[in-house]
Each structure stands twice: as C-alpha cells, then as structure tokens.
Amino acid sequence: MNKFSLLLCGTFLTLPVQAQEEPFQTVITPAFSPVTWERLVNAESEPENWMMYSGTLDSQRYSRLDQINTDNVTELEMKWSYQIPVIDRAETVPTVVDGVMFITEAPSNLTAVDARTGRVYWRYDHELPEDLRICCGRNNRGVAILGETLFMSTLDAHLVAIDARTGNVLWDVEVADYEAGYSKTAAPLIVKDKVVTGIAGGEFGIRGFIDAYDPVTGELEWRTYAVPGPGEPGNDSWSGDSWKTGGAATWITGSYDPDLNLIYWGTGNPGPDWNGDVRLGDNLYSDSALALNGDTGEIAWHFQFTPHDVHDYDSIQVPILADIEYQGSTRKVMMWANRNAFFYTIDRETGEFLEGEAYATQTWAQGLDPNGRPIPTPGMAPTYEGILVSPPIVGATNWYSPAYSQQTGLFYVTSFDGEQEFFKRDEDYEEGERFTGGGGRYNQPMDAFHSSIRAINPATAEIEWEFPIMPRSSAGITTTAGGIVFTGSADGYFFALDAASGEELWHISLGARVHAAPMTYAIDGQQFVTIASGNVVYTFGLKED
Amino acid sequence: MGNLTTQLGRLLTLALGGLFLAKGSSFAEDAGNLYNTNFDINAGLKYFERQCSRCHGFDAKGNDETGAPDLTSRLARASSEVGLFNIIRTGIPGTAMLPVAADLPDTQVWQLVAYIGSLSTDPANIDLPGSVASGASVFTNKGDCSSCHMVDGQGGRLGPDLSRVGERRSPEELLSDMLNPHTDVAPRWWTMRVTDMDGVVREGLRMNEDSFSLRIMDEELNLWSYPKNQIASFERVEASTMPSYTQTLSDSEIDDLVAYLFSLRKEN
Numbered sequence: 001m002n003k004f005s006l007l008l009c010g011t012f013l014t015l016p017v018q019a020q021e022e023p024f025q026t027v028i029t030p031a032f033s034p035v036t037w038e039r040l041v042n043a044e045s046e047p048e049n050w051m052m053y054s055g056t057l058d059s060q061r062y063s064r065l066d067q068i069n070t071d072n073v074t075e076l077e078m079k080w081s082y083q084i085p086v087i088d089r090a091e092t093v094p095t096v097v098d099g100v101m102f103i104t105e106a107p108s109n110l111t112a113v114d115a116r117t118g119r120v121y122w123r124y125d126h127e128l129p130e131d132l133r134i135c136c137g138r139n140n141r142g143v144a145i146l147g148e149t150l151f152m153s154t155l156d157a158h159l160v161a162i163d164a165r166t167g168n169v170l171w172d173v174e175v176a177d178y179e180a181g182y183s184k185t186a187a188p189l190i191v192k193d194k195v196v197t198g199i200a201g202g203e204f205g206i207r208g209f210i211d212a213y214d215p216v217t218g219e220l221e222w223r224t225y226a227v228p229g230p231g232e233p234g235n236d237s238w239s240g241d242s243w244k245t246g247g248a249a250t251w252i253t254g255s256y257d258p259d260l261n262l263i264y265w266g267t268g269n270p271g272p273d274w275n276g277d278v279r280l281g282d283n284l285y286s287d288s289a290l291a292l293n294g295d296t297g298e299i300a301w302h303f304q305f306t307p308h309d310v311h312d313y314d315s316i317q318v319p320i321l322a323d324i325e326y327q328g329s330t331r332k333v334m335m336w337a338n339r340n341a342f343f344y345t346i347d348r349e350t351g352e353f354l355e356g357e358a359y360a361t362q363t364w365a366q367g368l369d370p371n372g373r374p375i376p377t378p379g380m381a382p383t384y385e386g387i388l389v390s391p392p393i394v395g396a397t398n399w400y401s402p403a404y405s406q407q408t409g410l411f412y413v414t415s416f417d418g419e420q421e422f423f424k425r426d427e428d429y430e431e432g433e434r435f436t437g438g439g440g441r442y443n444q445p446m447d448a449f450h451s452s453i454r455a456i457n458p459a460t461a462e463i464e465w466e467f468p469i470m471p472r473s474s475a476g477i478t479t480t481a482g483g484i485v486f487t488g489s490a491d492g493y494f495f496a497l498d499a500a501s502g503e504e505l506w507h508i509s510l511g512a513r514v515h516a517a518p519m520t521y522a523i524d525g526q527q528f529v530t531i532a533s534g535n536v537v538y539t540f541g542l543k544e545d
Numbered sequence: 001m002g003n004l005t006t007q008l009g010r011l012l013t014l015a016l017g018g019l020f021l022a023k024g025s026s027f028a029e030d031a032g033n034l035y036n037t038n039f040d041i042n043a044g045l046k047y048f049e050r051q052c053s054r055c056h057g058f059d060a061k062g063n064d065e066t067g068a069p070d071l072t073s074r075l076a077r078a079s080s081e082v083g084l085f086n087i088i089r090t091g092i093p094g095t096a097m098l099p100v101a102a103d104l105p106d107t108q109v110w111q112l113v114a115y116i117g118s119l120s121t122d123p124a125n126i127d128l129p130g131s132v133a134s135g136a137s138v139f140t141n142k143g144d145c146s147s148c149h150m151v152d153g154q155g156g157r158l159g160p161d162l163s164r165v166g167e168r169r170s171p172e173e174l175l176s177d178m179l180n181p182h183t184d185v186a187p188r189w190w191t192m193r194v195t196d197m198d199g200v201v202r203e204g205l206r207m208n209e210d211s212f213s214l215r216i217m218d219e220e221l222n223l224w225s226y227p228k229n230q231i232a233s234f235e236r237v238e239a240s241t242m243p244s245y246t247q248t249l250s251d252s253e254i255d256d257l258v259a260y261l262f263s264l265r266k267e268n
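These protein sequence lines map, in sequence, to chains L and C.
Every letter in the first sequence is one number past the one before it in the numbering used here, and letter 79, counting from 1, is 79.
Every letter in the second sequence is one number past the one before it in the numbering used here, and letter 24, counting from 1, is 24.
In case anyone wonders, no lab produced these hints; they're calculated from the structure.
A couple of the hints might just be wrong.
[What the hints assert, rightly or not] Distance condition first, Cα-Cα at most 30 Å in a straight line; then the derived DSSO-like pairs of lysine-lysine:
no., chain 1, residue 1, chain 2, residue 2
1, C, K228, L, K79
2, C, K266, C, K46
3, C, K266, C, K61
4, C, K266, C, K142
5, C, K228, L, K543
6, L, K192, L, K332
The task is simple: from the sequences and hints, build the whole structure.
Set out below in structure tokens:
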C-alpha cells in the first residue's frame, strides 16, 4: 500500500509540517483531536484532514494529496457509502478530522462516522417546527469546527454548537425569526475565536446580515447588515423604505485572509427578486462581495457585481483567494465567477477591479466598464408578458463551489449556458410570505442547453479549456496535487478531469444528481475522495493489493 | 411526612422484582411504544382532540357529566403502555368508553398512547418533595454527577446528556436511575472490552456496534473504531458504569436530585 511519504514528494509541499514529522506511527492512535485556530490557518499543510467547508480559509478547494493522481485515478473503487436516513437531496460537504467524518443531513441533522468505514459514532437530530419558511429544499451544506465543537446552521434559523465527541448540544441560539422568512443552510466559518455565519431567506423580503458568535457561549459578538440602515452609507441606494425588505441574504460560506484580517462574503439578490420598480437605485449591498474586518465585522470595502439586479443573480459564490502573478508582480486577489455570467479578478486588499469577462452566455449586459460595473443591455428587465434573458434564473453558475489549483494556476467553475423567460409581478410584502415579484419559465427543454466545467486563467479572465456536460450540473469542484479536478453532474456522474487539459480521466455513474462538492482526505496514508449523490455519501479510494 | 423516596422505593422493589412499574413503562416482553417522538405526541393530540375530547375534555382532565375520567394523572385501569393501548383499542365493555374504529391503524393508537403518556409526566401535575435548587447543587457538588453528565453544555461525556431528561423520565424512573443503575442499561452505555491482535486491552462505552465493526469512547474520551476481524476478541459488559447512590447520598438529597432532574426540560 502507498504510504503517506509519497505525498510529501509533491512539488508543492514546501512548508514544514509538524503533523507529518512522524507521519505514521505504528502505535494506533485514537480518532479525532481538537482543532485549534492554528490548525485551521495551516489547514493546507494537514491535507489528510478536511477541516472546513471549503477545505482551507482561502477556499481554494485544492488538496496537497497526490496519492490518487492522473496516472492511477482509473483504479478508484468504492470503499463505503453512507445512506442519509431523511430523504432529500444531499448538499453536504463532509468535514474530516483525524479519521472522524462529520456529515450534515436533511433537514438539519448531523452524524459522525468513522471516515474509514462510514459507520456511525453518533447522530444529532435537530427538532424543527412544522411551518418552516424555506425556498429551495431541506438542505444543509456542512459544519465548522473549533476545538472540540461543531457549529451547524439549521432550517429554523438557529445556530447550534455540538460536541464533536458525543453529539451533545452545547448551545442552540436563534439567529433570526424563521416565521419572518429567515432560514440557515450554509456551513459557518471560523475566524480566530469567532463563529461567522450568514442567513438565507432572499425570497422572503428579509434583511440580510453576517453575524459572529462566541464559540463557547453562543453570544452574538457583532452583526453587519448587508443592507445599510438609515443614516448609513448606501442606504440612499434604495428608494423609500424598500431597504427594509431588501434581501441580500448571505446564504453561502465566505473566506478569510489571516494576513489582511479580512473576511470575504457574498450577498444575494435584492428583494423582491424580479420587480425592481419598487426598489429604485443600486440596492447596496445586494449581489456584492463584502470585505469585513475580522474582529469587528466593519465593512472595509465592497464590490457590487450586479447593481439594481432584476434577474436574481445572487453573488452567492464562495470567494477564492490566491496570490497570483499579475502583470509582472504578485498580487493578492479574489477570484469570482458570478451567477450573472461574468468572471472577476479583484484585488482583495482594496476591492479594485482587475479583470473581468463573460465566461458563459449572457445577454443582460453589454460588458463591464473599466471599474467592473456592468453596462446593462437596454430592455432586458423582466416584463409582465415575459422577456428572454441569459443566463436564466439558476444563473451561469450558482452556490456550487468553484476551485483553484496551485499546480495549474487555473480557476474551475461549473457553468451553464441557458436562457429563460423572465416575468414581473406586483406583490405586496407580507412578513413570512414569499416576496419575489415575478418568476421565470424555460421555453426549451433542458437538453437543448449547454453546460460545462470551465477552466479560467485569473490573470486574463480567459477560458483555457472546457469540458461539456449534459444537461446541467449543480456540483462543486475540488482539485488536488494529483493533477485532478473532481466534480459531478446533474445526471448522476462523479468524474475526474485532468486539471491541466480538461481531458476526462475517469467517471462513474452514481445514479442520482450530484448536488454537492467533493472533498478528499487520508487515513494512515491512504487517500480517499468523497462525494454526496442523491441521498448517499460515497467514498472512493485506490484498489489495495 | 410522605417521603417520595421511601414510597417509591417500595414500588420500585416491586417493579424491579419483575412485576410492574407504577406507570409510564411497559412490560419487559414488549418492545415499548415505538411511536413516541414529539411528532407522534402531536399526532396523538390531534386525534384526541377530534375523537376523545368530547368526553374527556380538551385538557384531558375528565368530565363529571360524561363520567369520563381525568387522563392526566395516574390511570385506574392501565398501568402500562400496552394496557393503555388495549383500552383504547378494545374500549371498556359496558361503559361509554367505546373502542376506536376497527380500521384505525395501530400506529395511531400508539400515538394516542404517547400523547396520554406525555400528559402524566407534565410537571405541573406532579408535586415532588425535593428542592430543585438543592438538587442542582448536589448534582454539581457532592454528587459529582456532572463529571459524567452534561446539562446545557456543561459537564462530562461519560453518561447521557441530561439537559432534557425530565421529558423522557418520570420521577420514579429517575429515582431508579440513581439507586439501581444496573437495570435497563441502554446499549449505548454498555462497556466494550476489546483485546487487539497485540494483546492490548482497551475498554470503553459502546458508541456503536454492527456486524463487522464497533466504536467506543474510552475513559479519556478517546474515540476508537475497530473492524471486528482485526481484533483478537471483545467482551460486552451490560452493566452501568454509574455507581449506585443508595449509600452515598441521603434520602433528602436523592429527593432533591429527582426534583432537579425532573425539572430539566427544553426551555420555553
């Protein structure tokens, strides 16, 4: 069997790694050990673990594991599967710490399993009220961990702290009132000694925010509203009182740069989604990237991708942070393939726009101006009769995690070239009721559209290669030092592409829609790769001889 | 003065002698009510309100006019869940208490059982001799219960989380839990003694066991997972690791603990 030392030969392992000085003791060690903030900051150098939603604080979803690589990926076989008992589509990205895997389940449950066998240690079932307000299924995407405590969002808009060894509830706090349309689905993010978390409910006229909680007591430390209140800068970008129901939900996990002490977080559509007449103005900070001070939550800068959005182009994408060569020097950037079909490279210190290009079919904008602000195509706003626009409501991409490879320097995104008829409706706001002001309709069968995994060069915003998929994908992506891009598709495949060329290396039919992102980890020198499909979590590894 | 401890103590001797528990618990040979989640209790409540409340009242407290008794305190005709099930299923011959419709699924009858069961442990209906505040203090201090048990996130991990134990255990059961911990130990709290191929023995609480593997937590709270075909042997100890407090705590301390434990419920 391959040993971990193999992994250490990887060209990209330059940092000394404490955890790997004695990589594999013959003495058996118990599973699980506490996750300190230092471990989270250096998560990259512990590739045997996957300790947060996006793998590392920069959210690259790039693993240094290379035991499974372009030469042997065809040797993958299923090692175990875990069936989630409550039927719904699984959007979970499991977390692995020293041989224990934490899997979130529909509706808001959590299970700890042995990462080698998929067999259960404990379960936590969260009690939910019957009258939940949720837009898009009973999902949960993952947990955050600090010390020996797991933090999970729940559909009734609570944040719960759960003991990683037993599944006992340590605290359970209400983040917002579910009866007013708030819910929670995303994995929180640990930032130093705080649990940072967002909120969902953009289809219910909520007022979005990003919160930080004390991990020990569950007390709220700060809240930053994604829609500024009266007297705050940006409040005048909303006509009348429209800011009160302005949406800008924060329903996917952000990223953090420890050197700049900045948290990066995306915000969703303004409310109501498709009728902009009742909320004239740019509608800050909807459809934006926010950079927040890591201690206070104060907004350091913002970049609004889609001012006055009327197409539901949420900027709910995971921000990927990397230091890249840009015009002759190393630049700290943030890369973002937006639901609005444009790809952006932004200076993450200042929020300055560097590069931007459409990476998928779009008709709503004529292009981006020198500051990265879109130049809208006239007459593309939804009408009462309906008007055809690209990308459709689901977007050119959506919440599914993109990835970045340190080997290739490329950014990978699941992209969709579709179009849809957009409608506008007049709707009054009623607390706890849907507040969308319209909707959409496809005029063609899904199979008529084109979808692909696209690899983008962040220094130029140019597409380097694409791999077509049918008809669509809502899977996230993970890259590895083995030169692989792992992802899945809506027609039930899990597959591996060559990260450099986009060539297909391996695929397997799992039979049900892949609605989650893969992750990878190792135990005793053996690398595994895990993906949720349908209601099942599958784990693969190389055949052992 | 009626000391709950001694009164219940007598009952318990009977119960543990193999006869019956005062209430809320079923006979040894039945698997117990499998439909007793909050969802089931709610479903039972809904059915009760439609079909039973006209005689027993919406609060189930009975009605002199119809002669239907109070169902929230100890029942005269049913001492177990199975007994309660049978009354609802077959009625009480010769009285206004008629059987439920023959085609009503057993599941729904069990949900009624769960609902009625939930009424009798309503803390408002039960007057306990002990003091909640003193019990809380015994729990963390003299009794040192918190070295093994968590309440609201504080305490140990070598016993069940007791944050909501008042919802699932009656005062009688709580008393028995402290005095006779070795009866009815849930499999999660059995001890597994594993001997690996090198002869190293490791002991821990049984977190999970299946056909091919088992998982334990040892005294240092370490988690271990073993494939059964990679260990030399394992032994299952079905006794509790919790000591009995008959000798170490006084009757009044035990009463206080019962009152405290019974008060532990989901807030609001």
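Handout entry: Hinted pair C/K266 and C/K142, Cα distance within 30 Å
Key = holds (25 Å)
Problem - Pair hint outcome, C/K228 versus L/K79 [Cα-Cα no greater than 30 Å] - result: holds (17 Å)
Exercise for the section: Starting from C/K266, check that the Cα of C/K46 is at most 30 Å away, please. Expected result: Distance of about 22 Å is within 30 Å: holds.
Practice task
For the pair we were handed, C/K228 and L/K543, check the Cα-Cα distance against 30 Å.
Solution key: holds (21 Å)
Problem - Proposed proximity, L/K332 with L/K192 (alpha carbon, max 30 Å) - result: Distance of about 21 Å is within 30 Å: holds.
Practice task
Would you check the hint for C/K266 and C/K61, treating anything up to 30 Å between C-alpha atoms as holding?
Solution key: holds (24 Å)
The structure agrees with every numbered hint stated previously.
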